[in-house]
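Listed below, chain by chain, are the residues.
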Amino acid sequence: MALTSDEVRHIALLARVGMTDDEIEVMREQLSGILEHFQVLQQVDTEGVEPTAHSVETHAVLRDDEPRNSVSRDDALQNAPHRDGDYVRVRAVLD
Amino acid sequence: MTRVVPQNITVRGARELLDGGDVSSVELTQAFIDRIDAIESSVKSFVTVTPGLALEQACAADERIDSGNAAALTGIPMQLKDNMATRGVATTCSSRILEGFIPPYDATVATKLYEEGAVLVGKGNLDEFAMGSSTENSAFFPTRNPWDLDRVPGGSSGGPAAAVAAGECVYALGSDTGGSIRQPAALCGVVGLKPTYGLVSRYGLVAFASSLDQIGPITKDVGDAAHVLNAIAGHDPRDSTSIDGDVPDYKKALTEDIKGLRVGVPKEYFVEGMEPGVEDAIRRAIDTLAAMGAVVSETSLPSTPYAMAVYYIVAPSEASANLARYDGVKYGYSTDTPGNMWDSLEDTRREGFGPEVKRRIMIGTYALSAGYYDAWYKKALQVRTIIRQEFRQVFQEFDVLVSPTSPSVAFPLGDKTADPYMMYLNDVFTQPANIAGIPAISVPAGMCDGLPVGLQFMASHLQEGKLLRAAHAYEQATEWHTLQPDL
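Protein chains in written order, with our numbering: chain A, 793 to 887; chain B, 15 to 501.
In case anyone wonders, no lab produced these hints; they're calculated from the structure. Each residue gets a CB set at the ideal place from its N, CA and C atoms; glycine is no exception. Hints are supplied without guarantee of correctness; some may be wrong.
Only part of the chain B face toward chain A is listed, based on derived beta-carbon distances under 8 Å [claimed, not checked]:
1) Q44
2) Y128
3) Y211
4) G212
5) A323
6) E360
If you want the ones that stay clear, here's a sample from chain A, every Cβ over 10 Å from chain B, calculated [what the hints assert, rightly or not]:
7) D798
8) D867
9) D878
10) A884
Can you make the complete structure from the sequences, with help from the hints?
Next comes the structure, spelled out in structure tokens:
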């Protein structure tokens, strides 16, 4: 189950985790090894078996749409690393 | 004033002392703060200690006790794992990416305990984002096992388990996604209960794998686990996956009678590679159950060997989605390196997450990505169905199942950090319960080379009563839960 460096680089991009070439190589080796062990799943006959995403049968849970207080603006902003008044400051999205 | 020896205090013991006027909550809390001061530099079970808040809460508790309105947990010092939101108290998940994060709200479990008049002495260390089995993945420092400070306490709730074992708090709450309450409880010689998925609200629990995560108590004995579960169980409108229904009084399960209880021993839980001392202790525990009148027989859960692969695909997949929120914008760590939004996002996550968290995000992202989804994620969910069905079938014949909690006792720090897969093997016996959503408990069941061995009981959905009854009866027939580390 050997992954290529390009595959790992692609996954890192999808996950938005920055990695150097050395880190990609370490990750490539480790992920390949781990996934190799998990190949064991392919031995299981799952023909016609429904997937279980959740262990408890829960269906869409709705509540009445009643207005109520949420956290205050100050509380919501208190942990923002770059606060600017009542806004959070972000980097340029477009260069 | 009665002299308080924190290591000896159970929830029920504390209740008697407090209600009898032998000791005030302030005095009790001070004794625990003194204990923390004395040993915390060697155990390192806390990310944050909150003595000021604790003494304030203790004062309020004393007034409540004086007015005759004490609840079961009023005035009793406890620790919360540092992945549960506490308003005004830093909640870090032992991650750089949440260092200094001060939640603007309380997790529902914190609210429930505060309403009981509980006293928070601090927040417990964990493997970063609860990903690990030794607490060595904490971004801050590893926690030590109170039985041998050169060994790990297990994980990911290593802080809470070590704190209870060391007498730094009377009880603690941990979270369990694949064994993170039970395995450290086993390695530290205390009791750890993972309730049925959905019995305890996850609101305010920092999400790791949302279909598996569950909060539960870590205590000195099974009686305490029942008392704490009473306080935290129940439906929460803020967690739509929490189970809607009446919650029984779990104290009523604490009879000492297991005559006729049908106990299954799944043969797949006795595998090659298990430490002989662990197997011996568990076999003896099973003999004890039989001698007490339980009807013990071997059974089989044939798909058990696939549980670990299912777990390590499902949990990282969910984690990769849950951890997408850490972007350095709304809260948490944000990089200083220059660049645009995408650069900043990648650098923030590179610098903020530790190696194991990155590995799991990568595995999950891979398993969910186009072209691999059916082969990995969907396949794992199908095998999950089979594992659930096998449990359902076995529980038609048995009230509880027993097994070792962990294949080994506490291992030396650094022993398994080099190979991630070796570390993953620690949770082979605990992951199936999360995959199926069933409750399970670990209780002390022996010693091997001076280190505790844990016995795991599993029961069917919402059968915490049977689970506690079996575990309590076993515990009362043995002395293992009374042993304490020399610290």
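- Message: Going through the numbered hints above, which ones does this structure break? Give me the numbers in ascending order.
- Response: Those not satisfied are hints 1, 2, 8 and 10.
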